[in-house]
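**Student:** Spelled out, the chains give:
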Amino acid sequence: GAVVSQHPSWVICKSGTSVKIECRSLDFQATTMFWYRQFPKQSLMLMATSNEGSKATYEQGVEKDKFLINHASLTLSTLTVTSAHPEDSSFYICSARLAGGPGEQFFGPGTRLTVL
Amino acid sequence: ELKVEQNPLFLSMQEGKNYTIYCNYSTTSDRLYWYRQDPGKSLESLFVLLSNGAVKQEGRLMASLDTKARLSTLHITAAVHDLSATYFCAVDTRPGNQFYFGTGTSLTVIP
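Top line first, the protein sequences correspond to chains A and B.
Under the numbering used here, think of the first position of the first sequence as 77, with each following residue one higher.
Under the numbering used here, think of the first position of the second sequence as 25, with each following residue one higher.
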């Protein structure tokens with residue numbers, strides 16, 4: 077149980093285009109999902125907290141107009157990187173917290189974004 | 025500002041040896057998690073520590089949590105090559121249950 081999927085697994089796009097990444101909890105409901113970014117050889121940095129039916133809460137230094145997050149249902153959150161640039165190239169990982177659970181997060185397999 | 029620091033950052037050890045990775049954090053928390061990450065992959069959950077004094081063991085790995093000292097340890101016993109990976113601790117903060125990850129420890133076990 078507690079499986080989280082991400083789509084796509086990897087994406088290559090041209091500079092200036094927008095990319096959408098989906099995060100789904102497959103066998104449980106997640107009132108809260110989280111988005112992380114990981115640059116090579118670095119740790120995971122929390123970007124934003126996404127609550128179903130409300131606006132996402134962004135960490136300091138993360139541009140909310142550039143990284144659009146939508147959490148329209150209890151099993152789906154999306155991250156859209158708008159007007160992507162090469163410096164946005166990174167490994168994006170989402171996680172989901174089981175509704176009513178003690179707080180453990182279940183992580184997706186990640187999406188590798190490369191912006192040319 | 026919350027800080028989660030791991031020590032060491034890089035570790036190279038021979039098979040069969042023991043070693044401990046340390047995770048220090050700067051905020052009050054009674055929940056801490058350990059993860060393993062292989063190159064190009066996402067996180068694999070290792071341990072969930074939910075109270076002061078919690079100790080959990082799985083195979084050659086054992087994790088503990090001291091919330092008063094704001095310290096968690098991951099002890100490796102008789103290392104084997106398959107344990108080579110990067111290990112992260114993550115501190116669970118309240119009330120939003122945001123996770124803040126440690127700096128990571130890159131472990132290489134040499135045959």
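Source of the hints: derived by calculation from the structure; they are not laboratory data.
Some hints here could point you the wrong way.
To be verified - Below, in silico cross-link-like pairs of lysine-lysine (BS3-like), each with a Cα-Cα straight-line distance of 25 Å or less:
#, chain 1, residue 1, chain 2, residue 2
1, B, Lys80, B, Lys41
2, A, Lys90, B, Lys65
3, A, Lys96, A, Lys142
4, B, Lys92, B, Lys41
5, A, Lys131, A, Lys90
6, A, Lys117, A, Lys142
7, A, Lys142, A, Lys90
8, A, Lys117, B, Lys92
9, A, Lys96, A, Lys140
10, B, Lys27, A, Lys140
11, B, Lys27, A, Lys117
12, A, Lys131, A, Lys142
13, A, Lys140, A, Lys90
14, A, Lys96, B, Lys41
15, B, Lys92, B, Lys80
**Student:** Could you run down the list of hints and mark each one as holding or not?
**Tutor:** Now for the hints, and whether the structure bears them out:
no.	hint	verdict
1	B:Lys80 - B:Lys41	holds, 20 Å
2	A:Lys90 - B:Lys65	holds, 24 Å
3	A:Lys96 - A:Lys142	holds, 12 Å
4	B:Lys92 - B:Lys41	violated, 29 Å
5	A:Lys131 - A:Lys90	violated, 28 Å
6	A:Lys117 - A:Lys142	holds, 24 Å
7	A:Lys142 - A:Lys90	holds, 16 Å
8	A:Lys117 - B:Lys92	violated, 31 Å
9	A:Lys96 - A:Lys140	holds, 14 Å
10	B:Lys27 - A:Lys140	holds, 23 Å
11	B:Lys27 - A:Lys117	holds, 18 Å
12	A:Lys131 - A:Lys142	holds, 14 Å
13	A:Lys140 - A:Lys90	holds, 21 Å
14	A:Lys96 - B:Lys41	violated, 45 Å
15	B:Lys92 - B:Lys80	holds, 18 Å
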